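Q: Protein chains in written order, with the numbering used here: chain A, 1 to 287; chain B, 1 to 393; chain C, 1 to 587.
Since the hints were derived computationally from the structure, they do not count as laboratory data.
It is possible that some hints are incorrect.
Stated by the list, open to error - For lysine-lysine, the following DSS-like pairs were computed, each having C-alpha atoms within a straight-line distance of at most 27 Å:
1. B/Lys264 with B/Lys368
2. A/Lys88 with C/Lys312
3. B/Lys60 with B/Lys330
4. A/Lys88 with A/Lys164
5. A/Lys88 with C/Lys247
6. B/Lys97 with B/Lys368
7. C/Lys282 with B/Lys33
8. C/Lys282 with B/Lys60
9. B/Lys84 with C/Lys247
10. B/Lys249 with B/Lys221
11. B/Lys97 with B/Lys340
12. B/Lys33 with B/Lys340
13. B/Lys351 with B/Lys33
14. B/Lys84 with C/Lys368
15. B/Lys387 with B/Lys340
16. C/Lys79 with B/Lys387
17. C/Lys282 with B/Lys84
18. B/Lys249 with B/Lys199
19. B/Lys330 with B/Lys340
20. B/Lys351 with B/Lys368
21. B/Lys97 with C/Lys282
The model shown is predicted, which means the values in this text are computed figures rather than measured ones.
Spelled out, the chains give:
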Amino acid sequence: MELALIQIFNGVQYGLLIFLAASGLTLVFGILGVINLAHGSFYMLGAYLALTLTSLTGDIFLATLLGAPIAVAFGAAIEFLFVRHLYKRDHLQQVLLTFALILIFNETQRILWGSYPHSVPAPSYLSGSISLTGALSYPVYRLALTGICLALAMAMMFVITRTKIGALIRAGESNREMVELLGFDSRWLYRLVFASGTALAAAAGMLAAPVESVYPGVGERVLIISFVVVVIGGIGSIRGAFLGALAIGIADALGKVFLPGFASMMIYALMAAVLAIRPGGLFGRAA
Amino acid sequence: MLVDRRHLLAGTGAAALTAPFGRFAIAQGAPIKVGLLLPYSGTYAALGEAITRAAELYVKQAGGTLGGRAISFTRLDDESEPTKATDLTNKLVYGEKVDVLIGTVHSGVAMAMAKIAAEAGVPTLIPNAGADVITRAGCAPNVFRTSFGNGQVSYATGKAMIAAGIKEAVTLTWQYAAGEEDVAGFKEAFLEGGGKVLKEIYLPFPDVEFQSALAEIASLKPQAVFSFFAGGGAAKFIKDFAGAKLNEKIALWGPGFLTDGVEKAVGAAGNGVKTVLHYADDLDNPQNKAFRAAFEAAYKTSADVYAVQGWDTMAVLDIGLKAVKGDVSKRADLNAAMAKAAFDSPRGPFKLSASRNPVQNFYLRELKDGANRLVGVAVKDLADSTKGCRALT
Amino acid sequence: MIRNPTPTVWAIIVVLAIAAALAPMWLGPYGVKFATRIISLGILVLSLDLLIGVTGLVSFGHAAFYGLGAYAVWFVSPKDDSADLLKALALAIGLAGGAAAIIGAFAVRTRGFYFIMVTLAASQMLYALFHDTRIAGGSDGASIAVKPDLVIAGVTLIDFYNRNSIYWFGLAALALCYLLTLWLAQTPFGRALQGVRQNETRMSALGFETYWFKLTVFVIAGAMAGLGGLVFACIDGFVPPEALGWKQSGLAIMMVVLGGTGTLHGPIFGAIIYAMLEEALKSSGIVGATIADHWAIPMGLVLIAVVLGAPKGVAGLLPRRAAQKLTPSTDEPRIVATTQRLSVENVGRRFGGLVAVDGVTLSFEPNKVHAVIGPNGAGKTTFTNLLSGALPVSAGRIALDDEDITALSAAAKARRGIGRSFQRTNVFGDFTVGENCAVAAQARRPGVLRFGADRLREAEAVGFALDATGLRERAQIRAGDLSHGEQRQLEIAMLIASGAKILILDEPLAGTGPEETRRVMDLLRALTLDHTIIIIEHDMDAVFSAADTISVLVGGRLIARGAPDDIRRDAAVREAYLGNFGMERAP
């Protein structure tokens, strides 16, 4: 029983990390209608930014603050150069183009940072561990990270539901023409959304860097799990992504211990189950 | 320097045309083509690079020639992608028509490669991939391994753990062939020695979310954990293990891949991790000292076990080529000579078993302050099983 | 609509095929193996185009069937002996097709992105099965010791030990698969698939069980991919579990998009170009060591250039065949035919607490134009949905002459001659006018496995519909290029071609100009010769001038029924409309 509770706690923690990575994807997908396979690369960008900036500044949070605007600029540039041409194209061309971006990003990473795994230190004031049960402790940074993820999730939901820019984003999701009729330049709205999606993925990569090592392909595992979260939550729904990520995290943690043979199928089985009951995901419109 | 030498050799080849044995002389003059099928991108890129560097260094130190002939390397990136493995091997064997094939790191890729190499008969040396079957049931007279067998390393690890007085352990690895082979080898030695395996935990490959496994380990309270991970996953596991403070009560053991290449990345979290491997950086023998110094001088970075494997691969090839005086068309002689290879490697005494897998010492090391320190010899001259091999020498 | 390639494209295909057939004479061993791998991928991408380009089903798990086909060879191969090729073929196709049937049964219920994710999930589960367990070699892959051969009566006909044998076998299989898919796409079955791609809802409304169409094509494509997998397994006798993973599926999609979806030959070109490009960029002898070392960057740039510069893929740069001309009209006089009487008795429909239609009793006399009018929210569209069977009734009875048809589905009602058009224009934009009518005519016998076209009867039905609506001159035009009014005419033509005798038209005049309005109304009057027309319309001028009877719905109830002049004078109608206007004008 105690083990199950600890696993649920683990699942929630893991789920919050996934949420941070998946939230950007659901925004970009829901609002821009773009299937972005390069989302994992943005996570990787964050991880390597954390590596470089932490070694320069000595603090992961400082690095994240510096890295976020870089990621935003990077996302905006990618949107301007490539992605904006895809809004009216079908999903297949988006898949092909963003796949091409992965090839380029991975190779660029290898040229810039090399192939060895690296580590990013947690700040000294958060480097200890707290005892959880007799035998098991939790690193303070991991707990702090959980708090940060939770705070970011709440901030995001506040922005989406309570602010003018959030209203515009929600309007843009359902009706691009309407936003333009109201006198807003949807091109900038779209660029902003894509850049925010990039920054969210990068932020996830940066904040997770101290608990994760930084290595080539670090973003790849994030990609598919993020898509699963997006589908479970309902495309474009932040609230859905939040619950979906928690569900995936908990299912994964419990599955590894109680259904070890099926652990790698767990998340897919969960997705299939959700889609069987709600074809549009938890908070999505039915397909 | 190298260019000049090639130039010179081409000259001798041309001059030899007029000699009575013209055809043979041309073959002697042209460089021996050595195909390197290794990962130069993706997760294992660092390993491929280390192996390549050591191999190139070996040839350079030998004056650019082995067995009297120049060596030219043809590199091919295998991306550690098994679906491309057969095609890329074909490219080297049939397209580039390499005289000797060297590769690779990823076991799945190596299986595909070894299969084609066995069919084609091209002399092949495996500088890393440890899939047991390659030198057991799937062995072939022209396929050599200069690294280790998965079960061999873990068997040695199990022995060392018994010797350290450990009676109860939990195993943890990824659910894939190498992981299962490692656990099998470990269990063989550990159960023989009277140990008890409390639980075998497998995580989906290549999942690096270890918290739930750590919680389970904490609840099982074993004396030690035997874990097989490598690269980024290994670094993350060591850090998470320490972060959960399990390292204060439970010893962390594993084959040396757990700590090699990630010593710096894990930092203080890795202190006390004990691993067993066929190499240790600080082995006190002249070959190792010379090799490390030369590698450091050439590439401004430290050699690792993968570099040693690359080096020894060329040493085995060197012995074979010397025996046939550089005539790679005498494949049977070349293979026979390589099978008898015995020399002092940076890793200690090296020879090949009847199924062409190294018979070698395994060393117990302890990770401390970013370096694997040699503790002692765990098992001396350990040979891997040759079970199922129908082409014993 | 997929048609036979143009002479130019045929020429390219034939030259490529001949060159390929002769290639082993000048290709070395590596060249032959490399080409065989492209062939196996060619079969995979061709089968994938059957899903993506023809039916509009983007599968991100198609490699699962390719991998299963490859593993099938391992399953039938004895430890130290060769397997029988026929057994290997049967298992590869059977295993892949069977798995496709099981996965497809769930997957084709979903659409769009959800379909992508469900197929991805299914293939990843299969990948996990082969990767994590030792049923076939586990993560290290499965080695086939001896490749299959075909021995009949002691004579070895084919032996895959010879690399040229497997090459020619693969090439023949690819050619066969290409011709098969090309033929399949042009059968009534294939035409229905293309209808599903363009507008699945419309296909259902026409009476096609789209689920079974999608499932059937999913199984065919899966089985074909299994054949490709068999070829792959026989090249080197090695099958890694990654052959059925998502990266392999993704690669196949890349090749299809690169080559051009929905062309069948395009994806094969895509596979050739992709493989050759990667091969060239990795060869330092061709591009230099620096590029070969970082081949992924130029590869990515080329792919981006293709997406942005040639959105229809490589095949989009080649000419495409135009539609064939229809046979000229037979100037036979039209036969006057009476239709059946559609009547409803006390029908009602509620949505939760809301009563949308409430106890309506009406009878529609044959060969007349009947209009149903009413203010917004009067329940008109719900009423037509009840008539056509798109919605089940909550109460009451619907009859055709004396037969009770209340419980029949929309498809079944369509087969009995009750056809409806939609409020929004709903033609298949990529089909020509003639093809739109042909797919509607096919709906008379919408069974899934129809491969032979009953061309004569079909042409007759199409010709009749085009003549009746005056669209014969426009038969070869893409429906998407028609004017709005013409599209509405085409919808009516499709209803006629589908054999509908009772035409339910939801706002056929919406968005048409005055000239077009007149033309459509004339058309409707002329159609009463052999049809019954029921229209829901807002254009009162048109309704009152052309309808024989008018029924007025308000708040879901029928408040009046009669000839136009009676309705004009009806007190209840005046109150309903004026009252309604009065309310709208109130601040």
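Q: If a hint holds in the structure, say so; if it does not, say that too.
A: Hint by hint, here is what the structure shows:
In summary, the hint linking B/Lys264 to B/Lys368 is supported, as the alpha carbons are separated by about 10 Å, within the 27 Å threshold. Pair hint A/Lys88 plus C/Lys312 holds up; C-alpha atoms about 14 Å apart against a cutoff of 27 Å. Of the supplied pair hints, the one linking B/Lys60 and B/Lys330 holds, its CA atoms being roughly 24 Å apart against a limit of 27 Å. For a cut-off of 27 Å, the pair hint linking A/Lys88 to A/Lys164 stands: about 26 Å separates their Cα positions.
Between A/Lys88 and C/Lys247 the alpha-carbon distance is near 26 Å, which keeps this suggested pair within the 27 Å criterion. At most 27 Å may separate the alpha-carbon atoms for a hinted pair to count; B/Lys97 and B/Lys368 exceed this at roughly 46 Å. Only pairs whose Cα atoms come within 27 Å are accepted, and C/Lys282 paired with B/Lys33 is accepted, the gap being roughly 18 Å. A C-alpha spacing of about 25 Å is found between C/Lys282 and B/Lys60, which places the hinted pair at or below 27 Å, so the restraint holds.
A threshold of 27 Å between alpha carbons decides the hint, and for B/Lys84 with C/Lys247 the separation of about 12 Å falls inside it, so the pair holds. Between B/Lys249 and B/Lys221 the alpha-carbon distance is near 8 Å, which keeps this suggested pair within the 27 Å criterion. As the CA atoms of B/Lys97 and B/Lys340 are separated by approximately 26 Å, the hinted pair is consistent with the 27 Å bound. Proximity of B/Lys33 to B/Lys340 is assessed by CA-CA distance (about 23 Å); at most 27 Å being required, the pair is judged to hold.
Between B/Lys351 and B/Lys33 the alpha-carbon distance is near 25 Å, which keeps this suggested pair within the 27 Å criterion. For a cut-off of 27 Å, the pair hint linking B/Lys84 to C/Lys368 is broken: about 69 Å separates their Cα positions. A C-alpha spacing of about 20 Å is found between B/Lys387 and B/Lys340, which places the hinted pair at or below 27 Å, so the restraint holds. Taking the CA atoms of C/Lys79 and B/Lys387, the gap is near 17 Å; set against the 27 Å cutoff, the hint holds.
A distance of roughly 13 Å separates the Cα atoms of C/Lys282 and B/Lys84; the hinted pair therefore holds under the 27 Å criterion. In summary, the hint linking B/Lys249 to B/Lys199 is supported, as the alpha carbons are separated by about 18 Å, within the 27 Å threshold. For the given pair, B/Lys330 sits about 16 Å from B/Lys340 by alpha-carbon distance, which is consistent with the 27 Å threshold. In summary, the hint linking B/Lys351 to B/Lys368 is not supported, as the alpha carbons are separated by about 31 Å, beyond the 27 Å threshold.
Distance hint between B/Lys97 and C/Lys282 is fulfilled; the C-alpha atoms sit about 17 Å from each other, no more than 27 Å.
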